[in-house]
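Enquirer: Start from the sequences, fold in the hints, and give me the full structure.
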Amino acid sequence: MIISILTPRPLLALLHLCDSLFPIGGFGYSDGLEAATTAGLVHTPADLQAWLDVCLDEVVGRTDGPAALRAWSAFERQDWEAVCELDEEITAMRASSATRRSSRAMGLRLVTTWSALYPDRRMEHLLGLARRQRLGPALPIAFGCACASAGVGTRDAGAAFAYTRLASTTSTALRLMRIGQTDAHARLAETLQRVPAVVDAMMTRARPESFAPAMDVSAMTQQYLHSRLFRS
Numbered sequence: 510m511i512i513s514i515l516t517p518r519p520l521l522a523l524l525h526l527c528d529s530l531f532p533i534g535g536f537g538y539s540d541g542l543e544a545a546t547t548a549g550l551v552h553t554p555a556d557l558q559a560w561l562d563v564c565l566d567e568v569v570g571r572t573d574g575p576a577a578l579r580a581w582s583a584f585e586r587q588d589w590e591a592v593c594e595l596d597e598e599i600t601a602m603r604a605s606s607a608t609r610r611s612s613r614a615m616g617l618r619l620v621t622t623w624s625a626l627y628p629d630r631r632m633e634h635l636l637g638l639a640r641r642q643r644l645g646p647a648l649p650i651a652f653g654c655a656c657a658s659a660g661v662g663t664r665d666a667g668a669a670f671a672y673t674r675l676a677s678t679t680s681t682a683l684r685l686m687r688i689g690q691t692d693a694h695a696r697l698a699e700t701l702q703r704v705p706a707v708v709d710a711m712m713t714r715a716r717p718e719s720f721a722p723a724m725d726v727s728a729m730t731q732q733y734l735h736s737r738l739f740r741s
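Sequential numbering from 510 applies to the sequence shown in my numbering.
Hint data in this document are derived by calculation from the structure and do not stem from the laboratory. It is possible that part of the hints are untrue.
[What the hints assert, rightly or not] What follows is a list of derived Cβ distance ranges for each label pair: (1) R714 to D692: 27 to 35 Å; (2) P519 to P705: 17 to 25 Å; (3) R687 to P532: 24 to 32 Å; (4) D566 to Q732: 21 to 29 Å; (5) E718 to R610: 21 to 29 Å; (6) R737 to G662: 36 to 44 Å; (7) R630 to T730: 23 to 31 Å; (8) R740 to H552: 21 to 29 Å; (9) H552 to H634: 43 to 51 Å; (10) A698 to A591: 29 to 37 Å.
C-beta atoms are modelled at their ideal positions from N, C-alpha and C, and glycine is treated no differently.
Expert: Below, the structure written as structure tokens:
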């Protein structure tokens, strides 16, 4: 079970944050999947499964997920210098300028909207740092801070971040590939089975790491597509 024991208010806030209706603009970015499908690298349901597996194990499990959890902790301590340093680090790890821009655009949108919907002086301070260009914030940083603000625990925050990343990729695949909804969601469901174990590993990871070269190359070649649906 991905969501553990939460009181109703944090649970509802977390569901709101993870809902595709929440306006952070993620529908405009494919994180390289469009370039990969155009090149024929992701063509079949099995290819999508492999892409989702790498998303979970590498992007979420080793890079963005640990960053979100460290941001959660720094936000709880109100250690703003640590938040800013982590934001700079996770942004520098992105090989593609397009993914750096998209992550910061979605992160800033998340913080701005969350502060308006769920007022919290700590989130207001974070937004102030963004306005002074002290940080983006990158999407994982914003997500971790929003979860901490809502009283969502670290393990649930990690699982929720994994779900949003994988669900967004599945939604993108439905627009780019010849794949039915049931088949696509079957691949998503299979990947979600491994989320608890990946979150356990994230909880023990000291720092974010980055190694997903095929995804990085796809993200960097996105801008050269003749016609495209997504900005990254």
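Enquirer: Decide, hint by hint, whether the structure agrees.
Expert: Now the hints, each set against the structure:
1. R714 to D692: 27 to 35 Å: About 32 Å separates the Cβ atoms of R714 and D692, which means 27 to 35 Å holds.
2. P519 to P705: 17 to 25 Å: holds (19 Å)
3. R687 to P532: 24 to 32 Å: holds (29 Å)
4. D566 to Q732: 21 to 29 Å: holds (26 Å)
5. E718 to R610: 21 to 29 Å: For E718 and R610 the Cβ distance comes to about 22 Å; the hint holds.
6. R737 to G662: 36 to 44 Å: 39 Å Cβ-Cβ, so the 36 to 44 Å window holds.
7. R630 to T730: 23 to 31 Å: Once the Cβ atoms are compared, 43 Å apart, the range 23 to 31 Å for T730 and R630 is violated.
8. R740 to H552: 21 to 29 Å: Since R740 and H552 have Cβ atoms about 22 Å apart, the given range 21 to 29 Å holds.
9. H552 to H634: 43 to 51 Å: Holds, at about 47 Å.
10. A698 to A591: 29 to 37 Å: holds (36 Å)
Hint 7 from the earlier list is the only one contradicted by this structure; the remaining hints agree with it.
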